[in-house]
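Protein chains in written order, with this note's numbering: chain C, 6 to 336; chain V, 408 to 872.
Please keep in mind that the hints were generated in silico from the structure rather than gathered at the bench. Some hints could be false.
Unchecked claim - Subject to a maximum C-alpha distance of 25 Å in a straight line, what follows is the list of computed SDA-like cross-link-like pairs (lysine to any residue):
1) Lys97/C - Asn487/V
2) Lys849/V - Lys274/C
3) Lys274/C - Asn487/V
4) Lys97/C - Tyr115/C
Unchecked claim - Partial selection, computed: residues in chain C whose CB lies under 10 Å from chain V:
5) Thr7
6) Leu10
7) Asn14
8) Met15
9) Leu129
10) Ala173
11) Ala177
12) Ala180
13) Leu188
14) Phe191
15) Pro192
16) Asp195
17) Ala198
18) Trp202
19) Ser227
20) Met277
Glycine residues also receive a C-beta, built at the ideal position from the N, C-alpha and C atoms.
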Amino acid sequence: MTAELTVTNMAGISSIVAFWIFSASNLVRRAQGLLHKAANAVLMLSFLSITVAIIVRAIVAARFPIANLYESLLLFSWGILAAYLWLSRAYKLQYTGWLAALTVSCIFLYASWLPANQHEIVPLMPALVSGWRAIHVPPLIVSYALLVLGGLFAVRQLWIDNRRSLAAASVAAIAISISSAALGAFPLVDHFALQLWFWGGTVVCLAWIVCAFAANAAAPLSGEAKAELYDEISQRCITIAFPLLTFGIITGALWANHAWGSYWSFDPKESMSLATWLSYAAYLHIRANHNTRADLTSVLAVLGLLLTLLTYLGFTFLGFGGLHSYGQIAT
Amino acid sequence: MNQSSPRHRDTTTELENSRSWLSWMFVNFVESLGSLRLALILLASLALLTLIGAWVPQSGQVDEATLLERFGKDGLRLLNTFGLTNLFCSPAYIACLTLIFVNLLACTALRMVPRFKKHFIEQDFLDGWQIKEQCHHVIYQLADSSTEGTKQLVSEMSRCGFRTRQSANRFIFDKGKIGHLAAPITHFGLFLLLIGVIVTALTSYKGTIYLKPGDLLPFPGTAASRPLIGKIPHWTVELTDSHRDLYKSGAARQWYSTVNLRDTNGHKLGAGTISVNTPLSVAGVDLNQADWALDSARLSVDGHSLNVPLKEMGTESMGVLPIAPGFLMILAVAGPETPMRIYFKHEGHATPRLVAVLNCGSSTKLGDVTMTNSGVTVRTGLQFKHDPGLPIVYLSFLFFVLGAALVAIPSYTVFAAIITTPGNNLQVVLGSRKGKFASCIKRELNRLAGKLGDINNQKVSVCDS
Chain C
6 MTAELTVTNM AGISSIVAFW IFSASNLVRR AQGLLHKAAN AVLMLSFLSI
56 TVAIIVRAIV AARFPIANLY ESLLLFSWGI LAAYLWLSRA YKLQYTGWLA
106 ALTVSCIFLY ASWLPANQHE IVPLMPALVS GWRAIHVPPL IVSYALLVLG
156 GLFAVRQLWI DNRRSLAAAS VAAIAISISS AALGAFPLVD HFALQLWFWG
206 GTVVCLAWIV CAFAANAAAP LSGEAKAELY DEISQRCITI AFPLLTFGII
256 TGALWANHAW GSYWSFDPKE SMSLATWLSY AAYLHIRANH NTRADLTSVL
306 AVLGLLLTLL TYLGFTFLGF GGLHSYGQIA T
Chain V
408 MNQSSPRHRD TTTELENSRS WLSWMFVNFV ESLGSLRLAL ILLASLALLT
458 LIGAWVPQSG QVDEATLLER FGKDGLRLLN TFGLTNLFCS PAYIACLTLI
508 FVNLLACTAL RMVPRFKKHF IEQDFLDGWQ IKEQCHHVIY QLADSSTEGT
558 KQLVSEMSRC GFRTRQSANR FIFDKGKIGH LAAPITHFGL FLLLIGVIVT
608 ALTSYKGTIY LKPGDLLPFP GTAASRPLIG KIPHWTVELT DSHRDLYKSG
658 AARQWYSTVN LRDTNGHKLG AGTISVNTPL SVAGVDLNQA DWALDSARLS
708 VDGHSLNVPL KEMGTESMGV LPIAPGFLMI LAVAGPETPM RIYFKHEGHA
758 TPRLVAVLNC GSSTKLGDVT MTNSGVTVRT GLQFKHDPGL PIVYLSFLFF
808 VLGAALVAIP SYTVFAAIIT TPGNNLQVVL GSRKGKFASC IKRELNRLAG
858 KLGDINNQKV SVCDS
């Protein structure tokens, strides 16, 4: 087993261990504070391991390691952990680390199930041989990580603010998106069936969200401090991710003009990233309206999360083509 | 008519009423056009249309056969009827974009200009009762004199990064004021983008040329889009060499094309070697390496030259030549430097039979016929483009990035006033109007009051207006 694989496995195992420690802390209330500290320490170990793994992979590959799904998932996990560690210090949120631990554990498990050719360091095709790759892709991946985290904290806000039905519908929609995009990475799966599962399931969940929102429109929010805090955290994640997303899209346009002679060709991935950007622009405009309810902005953050997942994984693995199709897995 | 007569006065009043009604209508119309609600509806509509356009393959990106395969004849007819296969050029999409820019224009006039001014013009101080009325506020008592209390307040606010302005017993503390410029800068970027796109639409041209080494092709004949203003120059592109670099595994690492660009008189305007991600720019025209493939296999059959067109099939290129009814010759080659495999296939057999492997320049006897591998001709695909609007678009990108970066900066304004209660006690009222970061400023105020109140050993009260 190579050094890079060892360190990557250490990162994945640490995140799983951290999740179990957080879970155990709910059973042992007397030692909860201590268990939270231990779990956060293990998450820090996971973060350091994944940082080392990325650096080692970069040295071995002699390039920035962001050329296929596996490498992008490593950077995505790094982004989630980095964002959580910063949030936990800024907002003293050690008890919410289970969210980051669970997300990163799922990412590592998924990455480990990818075909072997994804784990290998392969030479780059001509279109990817460019310094722009290291400028365009990392800010986008880190922005996706922040947007996903922002959406997950929005779900927490809904749950605590007595909007359980909205929270449940959000979780269902997220689960459908993730499962369909994740399954799309495997060649034997029928893409048409996956698209049906994705669109059908998402439409049902969105209808559920709309009905639940309308049903609760008149009910007051719980006003709990934690709910307000999660709303604020969700907003902070999105306001920091938005400039990164903008920078990533624009540098992509600059690279496209340099490589293909056109800065925008409405390629499916480009269009999808534009749709995601527009949705977060709408979110920020709504936030500018000072009387907006927290449950509305949380629902929007969840919708943004779905679009982010569709942009990052869905359009590559649900059978759409385009210039970014080199992200697909070779059969 | 006597100007002071009742009839004249009625007419004048009617005229004034209709003018004020018209101006009221106009103002309301402009305010609706620039409203946040309209902006949100348009952003959501544009996002939805873009999502649909991303999901439905667009006719400019895939061919008709692929669309038919995916959607069937009836499905494709339905999609074409609603314009979904050319959504980004459809009236609905263009109308949405147009309305967004109208909304942007109105919003800029109504809100962005005052907001831009607000950054440079200082806000008015608020009295204690105004802070209580208009803001989320906290109150704590001063044990010592107002001078000492003021010093503690200003010191703590400075420590938190706030800039202080004071007028007697009233204060304004600002932090992150530059964050106010996020929206005006981003909106300005959008205007620049619109101007850039219009300039591009009017003056740009582009196309793709496929060349083999030694070919000379003119621009105008191959252009896919023509400018409304200006003309495509009558230049020619000459390809002198084209090759590729391979990795050890045999996969392509890079494609190269060496080109000369000449004007109508044959004078060389520019020359260079292009590769993917390394374009050539000559007199405002960019040439990009877009594609590279094996074009044809050159064979010599008993001294007669034969060119067999090749098509990419995975990592190799293949060509098919009918030799006799039901009998095919199939050529397979990975690159100009690799041997060519020759297969024969009869319709009665399921698989072709390998009959020869020829290096470049080698010959073999197939029955009575001598066949020689004379090599492979490569074909390079170059894209050319002239876009005068590009510098404006790039400038707009800069404003976008700057504006988006400023969004992340929380901007707070805290008002404070020292008031005297009926019992002759001194109190400090600290407040902030609700903004984007409402809960953040609430926590900050509570923390400040808790700390400053603690210094003064006094209770703190918190009120939310």
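Here is how each hint holds up against the structure:
1. Lys97/C - Asn487/V: violated, 55 Å
2. Lys849/V - Lys274/C: This hinted pair is violated, its Cα atoms lying about 40 Å apart.
3. Lys274/C - Asn487/V: Answer holds: Lys274/C to Asn487/V is near 22 Å, not above 25 Å.
4. Lys97/C - Tyr115/C: violated, 30 Å
5. Thr7: The hint is violated - Thr7/C has no Cβ within 10 Å of chain V, the shortest such distance being about 19 Å.
6. Leu10: Violated, because the Cβ-Cβ distance from Leu10/C to chain V comes to roughly 21 Å (cut-off 10 Å).
7. Asn14: violated, 27 Å
8. Met15: violated, 30 Å
9. Leu129: At 8 Å from the nearest chain V Cβ, Leu129/C passes the 10 Å test, so the hint holds.
10. Ala173: Hint violated; Ala173/C Cβ to chain V Cβ min 24 Å, cut 10 Å.
11. Ala177: Since the shortest Cβ distance to chain V is 20 Å, the answer is violated.
12. Ala180: violated, 20 Å
13. Leu188: violated, 18 Å
14. Phe191: Result: violated, 21 Å to nearest chain V Cβ.
15. Pro192: Constraint on Pro192/C not satisfied, violated at 15 Å.
16. Asp195: Violated: closest Cβ of chain V sits about 13 Å from Asp195/C, beyond 10 Å.
17. Ala198: violated, 14 Å
18. Trp202: Where the cut-off is 10 Å and the nearest Cβ of chain V is about 15 Å from Trp202/C, the hint is violated.
19. Ser227: violated, 14 Å
20. Met277: holds, 5 Å
Going through the hint list in order, the structure does not satisfy hints 1, 2, 4, 5, 6, 7, 8, 10, 11, 12, 13, 14, 15, 16, 17, 18 and 19.
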